[in-house]
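Chain A is already provided as a structure; the job is to place chain B on it using the hints.
There are 2 protein chains.
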Amino acid sequence: MGILDLVPYSFIIGFLGLFFALFLYSLIKKYPKGNKLMEEIAEAIHSGAMVFLRREYTYISLFVFVVFLILWRLFSIYTSLAFLTGAICSMSAGFIGLKGSTRSAVRSTQGAIRGGTPEALTIAFLGGSVMGISVAALGVVGIGIFYFFTKNPSIINGFAMGASSVALFARVGGGIFTKSADVGADLVGKVEAGIPEDDPRNPGVIADNVGDNVGDTAGMGADLFESYVGSVIASMVIGSTLTPALNHMSLPLLLIVIGLVASILGVLSINILKNINPQSALRNAIYISGILFLGGAFFSIKAILGSLNVFWAVLCGVISGVLIGLESEYFTSGPPIKTIAKSAQTGSATTIITGLAIGFQSTILPLLTIGATIFASYKLVGPYGVVLLEKNPVSNMTPDQAYNLAGLYGIALAAVGMLATIGIVMSTDSYGPIADNAGGIAEMSKAGSNIRKITDKLDALGNTTAAIGKGFAIGSAALTALALFSAYQKTANLSSINLTKVETVVGLLIGALMPFVIAAFTMKAVGKTANKMVMEIRRQFREIKGLMEGKAKPDSDRCIDIVTKGALTEMILPGLLAIAMPLLVGFFIGAESLGGFLAGATASGVLLGIFMANTGASWDNAKKWIEEGNLGGKGTKVHAAAVIGDTVGDPLKDTAGPSMNILIKLMAVVSLVFAPLIM
Amino acid sequence: MGILDLVPYSFIIGFLGLFFALFLYSLIKKYPKGNKLMEEIAEAIHSGAMVFLRREYTYISLFVFVVFLILWRLFSIYTSLAFLTGAICSMSAGFIGLKGSTRSAVRSTQGAIRGGTPEALTIAFLGGSVMGISVAALGVVGIGIFYFFTKNPSIINGFAMGASSVALFARVGGGIFTKSADVGADLVGKVEAGIPEDDPRNPGVIADNVGDNVGDTAGMGADLFESYVGSVIASMVIGSTLTPALNHMSLPLLLIVIGLVASILGVLSINILKNINPQSALRNAIYISGILFLGGAFFSIKAILGSLNVFWAVLCGVISGVLIGLESEYFTSGPPIKTIAKSAQTGSATTIITGLAIGFQSTILPLLTIGATIFASYKLVGPYGVVLLEKNPVSNMTPDQAYNLAGLYGIALAAVGMLATIGIVMSTDSYGPIADNAGGIAEMSKAGSNIRKITDKLDALGNTTAAIGKGFAIGSAALTALALFSAYQKTANLSSINLTKVETVVGLLIGALMPFVIAAFTMKAVGKTANKMVMEIRRQFREIKGLMEGKAKPDSDRCIDIVTKGALTEMILPGLLAIAMPLLVGFFIGAESLGGFLAGATASGVLLGIFMANTGASWDNAKKWIEEGNLGGKGTKVHAAAVIGDTVGDPLKDTAGPSMNILIKLMAVVSLVFAPLIM
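From first to last, the protein sequence lines are chains A and B.
If you count the first sequence from 1, position 601 lands on 782 in the numbering used here, and the numbers rise without skipping.
If you count the second sequence from 1, position 471 lands on 652 in the numbering used here, and the numbers rise without skipping.
Hint data in this document are derived by calculation from the structure and do not stem from the laboratory.
A couple of the hints might just be wrong.
Pairs count within a copy or across copies, as identical chains cannot be separated in the list.
No more than 30 Å apart at the CA atoms, straight line, and that leaves these computed lysine-lysine pairs for BS3-like [unchecked claim]:
#	residue 1	residue 2
1	682	332
2	634	523
3	682	713
4	818	805
5	815	709
If we strip away everything but chain A, and leave its shape as in the complex, we get (with noise of 0.2 Å):
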């Protein structure tokens, strides 16, 4: 029995990585929750969350079923059942994430009073561990099982579809509602009434807490999730197509299993790391995790393939994935964060130009990485393909043909080197608003300012981690969406995407639209929402005797209310706008186009997805920056600029941006289940 024959039971593995994330969910339910006014806000943001989470789902869960019905009606139960298990497993991911980040978040600020830095460290960690973990390991039980019965890669579609649906919804829903809560609490509370942030007379401050759980954690896993789902099954999907099927079908499988067991490993590792200081601890997890996986990689592919050349490609998703992470860093927290602060000193009109200017260039070497990264990865691969030809011949498929297909493997392949080790990625990133979260409980249950010193450097630590999260999640985003494009064309059968036909322009010309559109809408929610918690924290500052004296409480769920509703009325329009326009194009302008299309959404989405990330992150260090005490620092006439750019960073960074990633992977995927219908 060789390891071939071991791949259908992957999802066995899988199993054992669900039970390791709850094992780690009962270390941190171990660990004290510290006073009761401590307690009683974390009760307040978990159940914050858990409200809008349900509310959320139901929503969802309707889509689910309407789309369910329609795949068994078009396709077959199994495609559907694997949609509807994708959609269950990313929702799971989400619920399972939330749990873990919201109970350990106040684990941690008691951590920090308990044994400092290194028991909070460790305690924010194993919370964003049981996201990343789960995540890791709902993915490859998810493909596992459907590949243990069917080995059907039209049917595995399925899963992805249903993954990236959620996703959807959950990354444009959980963003609206993060960043409405946000700038409306701040906008009264920090500019208007003067009070500091997190502070607990602001009746906005726990939707705010509430928000960077349900936007950061449950939003980013529903996207990394979709990222590493869709580019096992692309490459499963091109696979299948190179001879023996069998072989190519199974190594993304036994790479993605690889690289949980390494996570897990990783994850293992900060209980021997946590002493050194929390930056390398973080990074070292990193490191070792993906030490190993490559190691293991490099084996198995040399075992199932016989040859290494896609091993060079798998190799090449990484570095790109650290590099893309680096340059993030850099635009985010590098010497560009003190040019915008510098033009903080000229107002803030200046310092949101000089920000535009910055995110505008910060997408030059991403860009041109991922576009390296696919150039390589294809040509490493391309070869091989030859090579099997010869060996195997096929008839009506000549060594171009053959080369191109290898190519495609090794792009897709590339994709899923970056996101197999995702469960230690999405640990550390994770971490990143249990952090904030811990800090803002220090805040309102007055902690002290030791403690929150300590849980300051944590935070800031997050923002880090978060940058090349979110760097991460774009490379990774480009990558899988320009897999599933791959993917869909062979499942099309087309031989080519056209551009001097017409109806491939317009294609591409509508599918660069696309983008544009999403950010309109999602730009616009948090603008109207926030609007609204606007006015109910006016209200409640005006109307509440005592709110301001300290002796009276805010009606906090009432800012939950608004903003949940805000999120879940704005998601819908975007999200069926998304699902609907490849169909609409592919099913009236034709295959072709559709193409196109995909190909016009990836690049502006990349492009854009980039820019407003960077935008938004860079301008909020620089106002950390000022807030450290340069450039006069806060209260200064500098740091009101600052703040202002932060503002309108908020919805670019943590809406718009990652809406990006989720459209053009969704895009992609509707268009690959249903290329069979198209052609």
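Chain B in isolation, oriented as in the chain A frame:
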């Protein structure tokens, strides 16, 4: 002797057009210049503009000379002469336009004093017409002469490249100049010192007024001249592949001759229209020319081709130009600006967020209009190609190929249709900066509030015509870029630009990146140069005794010098990049990849261009709406927030945005010229 035999003599009509422009100029010069102060101010603006132009043209001439030698070496003396002529024509258009606008502004102010609105309007419009008619006539002269001598489209390509190269430098340089001056003068004058716009004590005011001329008049002129020439030449290139080639090559030239004559008649009609309200006067002049042009086009297409299919494509172009103009008008002066103004009530951050959302949204209709136009004109003219092939069978050509060729010819002619009446469109557009300057001169020379009211009204009208003009510039740039893209395909002999190949996808990604790169450079340049202006103006306020009391004069020349240097230094890199990148992609990756590159650049450039132009213009008009007394009017917090929006919008709408138009056309035309070497 039929109409076809007359076409080669078109250049004669072009010369007549130039004489007409000279005649208009002489008419303007006959009007009185007003009192000594007015004359002084006007002279300062005029000489500032001329100094900038002289220095800018020195740089450009050097560049043109080098490229002239390269083209001579690589192609032939004819191509390089065509390039030189194109460059000279574009520079002449800028020069003549600047003369017209700087000479007429002060006379328009004096006209308001002497004869009220009708006289002020007439003079400003005449000033604009000098530019408008010159641009149209120079195009006819240049293309006409080369057509007369060579009838070889691959030589005439050089003419388009000459026009495009100059246009890029003029647009980018002019854009950096105008907005650095504007932002710098406003930040210190309006915001810090609290003195009104155009206050003569502000050392940056003359530079700001010079900027209106070099950016909005000379820059816009070069931009539209490029579209105009590019669309005609693209349709000649494609037309030369249809049978009989001569008829199809002659038609575009004939169409712009008709358009020139129609424009001249439109300009003359203002003499009758000037006493009705100014808005209708300008609009009716455009309609008169449009109808005359369509009538002429109808009969000449029937006479030359014997089929009306092509006429419908021309009609599509005309309608599409009007639609895109109306769409821009809606987003930049309709209800959306009130939404922005209202969001200014919660501060500058929400003003910016709402403006960005509306800017994203404003891309939808124009892009769909462009998509529909190319789709319709392709489908309308395609069948004509099949009929042609049946009449004159060509070996090696299938009906599908014939359909494709004719369809592409249709797209190119839609662009020609949109641009043929450029004479009148440009006249009404250039009217804007003249009215703006006339207002500035009225303010600086303290002409009294009655006069200021007249000039304000004419200035406001100028903002609307400018928005329409910008929409038109973007629409025509998109169509022209697509036409040039088609011409490139034909010249490089590409039967397919296949997005299933990784080279094409990489080309597409890099192409889509280019507009972001240019946006980064131009925005940064404005930030940097404006900052230098701020320092200098602050220094003058501090060091020049009696300046604020109006007892001493500011050193305006120093400010002009700073922005001139900034503009000239910062325009070089983006300019060279725009020329080098298509060549690098073409020579190092391949002709097909370059095809993907151009498609990606066009899609992302058009979208970013519309987004930037409309976002900026709507912030500008939201501020103006508040200044009319709404939501509290001037001096309130709401107004201050709107001013921030306006300032952020300045470089977007007048520097980075317009650069997009040029970029996509220039890269396409460079590819077209070098296509024979790249293939």
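List of violated hint numbers, smallest to largest | 3
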